[in-house]
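Each chain, written out:
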Amino acid sequence: EAQVTQNPRYLITVTGKKLTVTCSQNMNHEYMSWYRQDPGLGLRQIYYSMNVEVTDKGDVPEGYKVSRKEKRNFPLILESPSPNQTSLYFCASSLRGRDTYNEQFFGPGTRLTVL
Amino acid sequence: AQKVTQAQTEISVVEKEDVTLDCVYETRDTTYYLFWYKQPPSGELVFLIRRNSFDEQNEISGRYSWNFQKSTSSFNFTITASQVVDSAVYFCALSPASGGSYIPTFGRGTSLIVHP
Numbered sequence: 001e002a003q004v005t006q007n008p009r010y011l012i013t014v015t016g017k018k019l020t021v022t023c024s025q026n027m028n029h030e031y032m033s034w035y036r037q038d039p040g041l042g043l044r045q046i047y048y049s050m051n052v053e054v055t056d057k058g059d060v061p062e063g064y065k066v067s068r069k070e071k072r073n074f075p076l077i078l079e080s081p082s083p084n085q086t087s088l089y090f091c092a093s094s095l096r097g098r099d100t101y102n103e104q105f106f107g108p109g110t111r112l113t114v115l
Numbered sequence: 001a002q003k004v005t006q007a008q009t010e011i012s013v014v015e016k017e018d019v020t021l022d023c024v025y026e027t028r029d030t031t032y033y034l035f036w037y038k039q040p041p042s043g044e045l046v047f048l049i050r051r052n053s054f055d056e057q058n059e060i061s062g063r064y065s066w067n068f069q070k071s072t073s074s075f076n077f078t079i080t081a082s083q084v085v086d087s088a089v090y091f092c093a094l095s096p097a098s099g100g101s102y103i104p105t106f107g108r109g110t111s112l113i114v115h116p
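Chains as they are written, first to last, in this note's numbering: chain V, 1 to 115; chain F, 1 to 116.
Since the hints were derived computationally from the structure, they do not count as laboratory data. Accuracy of the hints is not assured; some may be wrong.
Said to hold, decoys possible - Here are the simulated lysine-lysine pairs, DSSO-like style, with alpha carbons at most 27 Å apart:
no.: 1; chain 1: F; residue 1: Lys3; chain 2: V; residue 2: Lys65
no.: 2; chain 1: V; residue 1: Lys57; chain 2: F; residue 2: Lys38
no.: 3; chain 1: F; residue 1: Lys38; chain 2: F; residue 2: Lys70
no.: 4; chain 1: V; residue 1: Lys17; chain 2: V; residue 2: Lys69
no.: 5; chain 1: F; residue 1: Lys70; chain 2: F; residue 2: Lys3
no.: 6; chain 1: V; residue 1: Lys69; chain 2: V; residue 2: Lys18
no.: 7; chain 1: V; residue 1: Lys18; chain 2: V; residue 2: Lys71
no.: 8; chain 1: V; residue 1: Lys18; chain 2: V; residue 2: Lys65
no.: 9; chain 1: F; residue 1: Lys16; chain 2: V; residue 2: Lys57
Isolated chain V, as found in the complex:
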């Protein structure tokens, strides 16, 4: 089954404790990205990756890191989480051809609470 998986689905942590949210897709998609969803703000992109070893900042990258060592995986790293990073996080992937844009497939979401 074609899908995007994220782990964990729920996480409660404390300020300053490093954490990683994993994201994996099995569709051989080049493009992957991370979003956060906050009430009244919609979805905002954190980071995206066009392909292996190619990453770039989205609209709200502060406090986050990513890496793309393999095509299928795109982990989101919070080196020192703070309460304002409490949010619902989505990973997404899509095919990305030149001058085209395909719909994104989203993971199930990770609800993060930072105390």
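Starting from the known structure of chain V, arrange chain F on it as the hints suggest.
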């Protein structure tokens, strides 16, 4: 800079009513894509439609239809004969079709509540 405005924060209708969700966008790009996604209460995000800026034909898919008007920068979504299962948050999104920026912009979403 891109912007997507979904002015309706919440809409409440009774089953079988028709409902239109508005989406107005701003972009300086000449070519772009517009999307609608659905987020049901279970939380996942589901793709509904993509529209290329070159293609202003309206589209119908069952009870769903989309009206793209480039002249007014709008991409509205209509659900005909709404059902309780249509209750969800709906997001409109915009992305450049080429160039260096691949950052899609989402609207803040419209919460649709369909009462039985």
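Hints and how they fare:
no. : hint              : verdict
1   : F:Lys3 / V:Lys65  : 25 Å, holds
2   : V:Lys57 / F:Lys38 : 25 Å, holds
3   : F:Lys38 / F:Lys70 : 23 Å, holds
4   : V:Lys17 / V:Lys69 : 23 Å, holds
5   : F:Lys70 / F:Lys3  : 15 Å, holds
6   : V:Lys69 / V:Lys18 : 20 Å, holds
7   : V:Lys18 / V:Lys71 : 24 Å, holds
8   : V:Lys18 / V:Lys65 : 11 Å, holds
9   : F:Lys16 / V:Lys57 : 43 Å, violated
The structure is inconsistent with hint 9 alone, although it conforms to all the rest.
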